[in-house]
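2 protein chains.
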Amino acid sequence: MNTQILFRSRPAGEPHESNFRRVQHGIPTPIGGEILCRTIWLSLDPYMRGRMSEGKSYADAVDFGEVMPGATVGQIVESHIEGFAPGELVVGYGGWQSYWIADGHGLRKLDPSSAPISTALGVLGMPGFTAYVAVIDMTGATSGETVVVSAAAGAVGSAAGQIAKIRGCRVVGIAGSDEKCRWATGELGFDACINYKTATDLDAALAKACPDGSEIYIENVGGVVGEAAFRNLKVGARVALVGLIAHYNERKHHHGLDIAPILWKRATMRGMIISDHAKRMPEFLRDAGAWLREGRLKYRETIVDGLDNAPQAFLKLFHGENIGKLLVRVADDPTRP
Amino acid sequence: MNTQILFRSRPAGEPHESNFRRVQHGIPTPIGGEILCRTIWLSLDPYMRGRMSEGKSYADAVDFGEVMPGATVGQIVESHIEGFAPGELVVGYGGWQSYWIADGHGLRKLDPSSAPISTALGVLGMPGFTAYVAVIDMTGATSGETVVVSAAAGAVGSAAGQIAKIRGCRVVGIAGSDEKCRWATGELGFDACINYKTATDLDAALAKACPDGSEIYIENVGGVVGEAAFRNLKVGARVALVGLIAHYNERKHHHGLDIAPILWKRATMRGMIISDHAKRMPEFLRDAGAWLREGRLKYRETIVDGLDNAPQAFLKLFHGENIGKLLVRVADDPTRP
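Residue numbers (the numbering used here), protein chains in the order written: chain A, 1 to 337; chain B, 1 to 337.
If you are wondering where the hints come from, they were derived from the structure by calculation, not from laboratory data.
Here the structure is a predicted model, which means the values were calculated and not measured.
Warning: the hint list may mix true and false statements.
[To be verified] Computed cross-link-like contacts, BS3-like style, restricted to lysine-lysine with a CA-CA straight-line distance of at most 27 Å: (1) Lys197/B x Lys165/B; (2) Lys279/A x Lys298/B; (3) Lys279/B x Lys234/A.
[What the hints assert, rightly or not] Derived coverage of chain B by chain A (criterion: at least 3 residues anywhere in the stretch with Cβ under 8 Å from a Cβ of chain A; other residues may be distant): (4) 239 to 247; (5) 272 to 283.
Ideal Cβ placement from N, Cα and C applies to all residues, glycine included.
Construct the complete structure from the given sequences, taking the supplied hints into account.
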């Protein structure tokens, strides 16, 4: 059977399990030009919250009754496309379901001997690619500059900080637990990491970690973290506006950000959506693949077992419960020992 | 006697007349390398509110007991600097007082036959220069693009919209009264102007005036106006962050702006402070002077008589009571009929 998690109702504020509905159907049959894939890994990402909202966002809203969208890693069961064979592993956009039909568009084959296949959803996938474009293309971080990264232990933030380190920057993370901060400084090589939940004065903590302010800020969060990071900017700073997860569950957009420091510091803030940058993907895969093999780019995964647990797992993102990439293991990964 | 308006106490929220103190001293005597100027016109500008606040801003806070700072147009009474002669008219930074001592630095002579000398504080001064840099350098507005301007009837906004028109843009203003909107569309050539105070749905009004959104937004205001303008941006839009007057009187910076559309629209927002751009002043004076003579750049002045009324007049800025440039006539202008 094909288990699917459908979009049932719009959350008013924080999503709830009741916004999703689980259904089961027979496994679909691919026709000419199609492939049937069995889902192994499902990626859970903050952007999905936007697609559950009414009205304009960077992606179209999902319709009620549609399968929740999402990137997936799976194995080909049956193929009617030349060049894709049963048993091969692929990353695509299968959504929250245990089998999906692909037309080959946007499907990329994975070599499990090169990197664990789940990384195609994390450090070698959309989150890692987002970090790469944010640090390199959006802000042009160069050697000697100070880079502040919020959600420093998230899938994007952890990669962004490490890429900035690879480029010779001083990197200061902001994260929501001591464990996250220890990972950032202890394993990922961040120069400092501030636990914003326990800092008595976030501005003072940032000032201490960045005595001259920061040339660059990678914004994933917004809220009080974003405002403190804005105040910490140097004159002429560059901000990559990647995400605003602190605001995604607001019922109306009343809780904005004090952007006066963007003015005072003559900063430049650039909003980005990774899908605009698809042509940079080959360079990213080349660079990030090499960094991963060389041990210069590390990652962690928070794994939740079973598609049925995806709705509950999704909520973890908004409570900061994941460290690194949040994944649902929909089926056993045949490439993992 | 020299009348001075001193900074007396920090406003908690909106400035009040009690934050200022009026004193009288003897007229100061210039020594070698100095000039004594008699103030004719005093400029009142939103940035002055920032200088009354504690803590970081783009300018240093004024100390208690200091003369309130401000740009002034005056006449030289006595000069000990070669090249400046009594009777000559100058624009400088004399502050809120009826006489000031200048050391020649930043002092520029004015030719009353070329333009009314008060324009050196408005359309040919800092506000006009700000508009010029915002439209041309910060956003690079080009022919055929749609430019939205907030505070459209203010000193900066009215110039910004006209400069965008001169560059071949479609210009939509947002202002706070029907009279202001009539001025913008009737005299200044704006294509449309929305009264945000009477619009039942500002988003809908902007969507109607900009059916495809706007490529450019000149932000002077923030608040609900700024948020609506952000939502109205096209993908890839450019925002010049010039001012945030709706927020200057906030006690703490709690009332931020929803910047999610900057992310969704992949917009670029650039904060600017005009003093960074001093080297562009000659081009600005050349271009704006020509546009003024050709009747392509128009302006209005809201004039308050008497230095004693400066504190009360300053409050007008925050209530939107001025149209065009807000000036204090400190002494009769000998060049005006």
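Verification of the supplied hints:
1. Lys197/B x Lys165/B: holds, 25 Å
2. Lys279/A x Lys298/B: Given pair Lys279/A, Lys298/B is violated - Cα atoms ~47 Å apart, limit 27 Å.
3. Lys279/B x Lys234/A: holds, 22 Å
4. 239 to 247: holds (count 5)
5. 272 to 283: holds (count 3)
Going through the hint list in order, the structure does not satisfy hint 2, though it satisfies all others.
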